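Visitor: Let the hints inform the model, and build the full structure from the sequences given.
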Amino acid sequence: MAISIRDVCFSYGDGTAQKRVLDKVNLTVEVGSFKVLMGINGAGKSTLFSLLSYLFACNQGQIRIFGEDINKRPMSALQHLGIVFQQQTLEPGLSVLQNLQYYAALQGLSKVHAKRRIEELLALVSLSEQAKQTVVKLSGGQKRRVELARALLHSPRLLLMDEATTGLDVHSRYNFIATIRQLCSQHNVSVLWATHLVDEVLGDDPVAILHQGRILADSRANTIIKTQDCNSIQAAFLKITGQPDQAKARMSLSQTLERHGLKDTTNR
Amino acid sequence: MSFIHVWRCFNGVIKREFLRFLNQKGRFFGALVRPLVWLFIFAAGFRSVLGVSIIPPYETYILYEEYITPGLLGMILLFNGMQSSLSMVYDREVGSMRILLTTPLPRWILLCCRLFASVVIALFQCAVFLIIAYLWDIQPPAIGYLSVLPAIFLGGIMLGALGLLLSSFIKQLENFAGIMNFVIFPMYFASSALYPLWKIEDVSPWLFKLCSWNPFTYVVELIRFSLYGQFSTKALIIVMVCAIIFMFLAIMGYDPKRNGNTKMKKV
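Quick mapping for you: the protein sequence lines, in order, are chains L and R. With our numbering, you'll find the first sequence wraps up at 268, consecutive numbering, no jumps. With our numbering, you'll find the second sequence wraps up at 535, consecutive numbering, no jumps.
Here are the computed lysine to any residue pairs in the SDA-like style, where the Cα-Cα straight-line distance is at most 20 angstroms:
#: 1; chain 1: L; residue 1: Lys-111; chain 2: R; residue 2: Phe-286
#: 2; chain 1: L; residue 1: Lys-111; chain 2: R; residue 2: Glu-285
#: 3; chain 1: R; residue 1: Lys-293; chain 2: L; residue 2: Gly-93
#: 4; chain 1: L; residue 1: Lys-137; chain 2: L; residue 2: Leu-122
#: 5; chain 1: L; residue 1: Lys-115; chain 2: R; residue 2: Lys-283
#: 6; chain 1: L; residue 1: Lys-72; chain 2: R; residue 2: Arg-375
#: 7; chain 1: L; residue 1: Lys-115; chain 2: R; residue 2: His-273
#: 8; chain 1: L; residue 1: Lys-111; chain 2: R; residue 2: Pro-372
#: 9; chain 1: R; residue 1: Lys-283; chain 2: L; residue 2: Thr-134
#: 10; chain 1: L; residue 1: Lys-132; chain 2: R; residue 2: Arg-288
#: 11; chain 1: L; residue 1: Lys-137; chain 2: R; residue 2: Gln-292
#: 12; chain 1: L; residue 1: Lys-72; chain 2: R; residue 2: Met-520
#: 13; chain 1: R; residue 1: Lys-525; chain 2: L; residue 2: Cys-9
#: 14; chain 1: R; residue 1: Lys-283; chain 2: L; residue 2: Ser-110
#: 15; chain 1: R; residue 1: Lys-293; chain 2: L; residue 2: Pro-92
Label-pair restraints from in silico Cβ distances:
#: 16; chain 1: L; residue 1: Thr-223; chain 2: R; residue 2: Phe-516; range: 48 to 54 angstroms
#: 17; chain 1: R; residue 1: Asn-291; chain 2: L; residue 2: Asn-231; range: 51 to 57 angstroms
#: 18; chain 1: R; residue 1: Trp-275; chain 2: L; residue 2: Ser-76; range: 19 to 25 angstroms
#: 19; chain 1: R; residue 1: Leu-475; chain 2: L; residue 2: Lys-132; range: 52 to 58 angstroms
#: 20; chain 1: R; residue 1: Leu-517; chain 2: L; residue 2: Thr-28; range: 34 to 40 angstroms
#: 21; chain 1: L; residue 1: Asp-169; chain 2: R; residue 2: Lys-293; range: 34 to 40 angstroms
#: 22; chain 1: L; residue 1: Asp-169; chain 2: R; residue 2: Gly-298; range: 36 to 42 angstroms
None of these hints come from the bench; they were simulated from the model. Nothing here was measured: the structure is a model prediction, and the numbers come from that model. Glycine included, each C-beta is placed from N, C-alpha and C at the ideal position.
Guide: Printed below as a string of structure tokens:
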């Protein structure tokens with residue numbers, strides 16, 4: 001297994017101010033698969049990603065990445081990970097090349113190795129000509145591609161993508177997802193793809209639906225559609241989360257905002 | 269984890285800090301203008317009012333400008349330490365801190381890399397300040413320029429670690445201004461940076477006690493003695509102990525097991 005999450009619970013805050021965000025979450029991602037983690041904003045996706053990347057340690061339960069327990073052996077687990085966070089994390093005042101060199105140094109790559117990988121990956125994300133450009137001058141889609149290149153620099157076996165298409169237009173979004181799927185199928189990279197956009201899900205994708213901190217469904221998209229007796233993953237998602245009107249309205253709002261390159265910040 | 273990985277990470281963090289520093293030219297001039305204003309204007313104005321008698325490490329009567337020079341070096345370190353913690357809070361808000369903290373190295377090493385990088389920048393600022401001070405006739409013995417470097421470095425580590433500790437408590441950038449006022453100004457003024465401790469004792473015994481408990485006083489005294497090729501064991505021990513305590517607490521503050529559980533904070 002690339003990821004094995006067992007009975008994970010997590011709460012923010014102390015005592016009376018404590019807020020449970022994840023409740024007995026169980027989830028697996030098989031090696032080389034593209035798994036979608038679906039949930040509306042506030043479902044707990046980003047918190048789960050923070051636990052997977054050891055920004056926080058979980059209160060209860062166990063997270064294993066390629067067999068390594070992240071709480072016991074965080075460094076061994078982290079070395080397999082490439083992460084694209086929901087929030088952009090590039091240094092705006094530095095060039096694309098400088099950002100990638102910085103990350104290569106953090107990952108312990110030699111200068112020669114880093115140079116070769118940066119050239120390869122900039123070609124992969126079609127940004128070779130922008131290498132010396134300052135990040136602040138790039139478009140949203142280009143920044144995301146730089147973040148993808150950065151996440152792949154140390155050849156990770158697992159990619160965590162937390163709403164990585166946020167703020168991208170439809171065309172950029174399509175190309176971005178296609179690149180990730182290609183990595184998955186051709187290079188055996190495992191992907192956990194968090195999203196609230198149902199059109200990013202394909203019929204035979206393994207999908208887990210996270211709602212109010214709980215996994216409510218975990219199967220192939222087609223199977224979920226079938227077992228819920230629905231005609232689309234969107235309908236199945238709305239049915240499973242049990243708040244069809246509210247969820248539908250929020251998803252519709254999110255998707256409308258996404259189409260206009262804006263970000264839904266409600267319920268964060 | 270290998271030594272070579274740590275070394276590459278350390279180099280990467282220093283290079284990034286330096287590039288950021290070069291991109292923020294205002295920060296460089298701001299860091300220099302502040303002590304220079306004190307040296308050129310404040311010290312010149314107070315030269316006639318404040319006489320400094322012969323106290324170690326000085327062997328003769330000195331001008332007030334000469335007396336406050338170590339304090340102004342301390343000021344550069346103090347502001348740099350706080351600036352560095354401000355940048356940690358900023359990094360946490362814009363998200364780039366996540367990239368550092370998800371590096372497969374122990375968190376204490378990552379924080380130390382970040383701390384050392386900020387001190388290297390401060391060393392550079394202090395060197396430029398000492399050159400300007402030399403041209404302003406503040407001319408300590410040549411050996412002092414060499415012996416002051418480790419003292420500046422150690423002082424920078426202590427104040428940087430304090431900044432790191434503060435940044436682990438600050439949830440948002442807006443809260444930072446208050447912390448600056450509560451930390452920088454009391455630390456700076458209640459120390460031996462601007463006036464000798466014996467003068468303070470004459471005027472106010474409680475203020476003297478406060479200054480004696482202020483770790484910044486010992487950073488200034490460590491720099492003062494080493495700038496004249498001398499050594500203050502007491503200052504060295506206090507600065508080292510405080511640096512270790514601040515760093516230990518800062519590492520605790522950034523512990524993943526504490527971050528989410530004890531407070532709601534973006535990391």
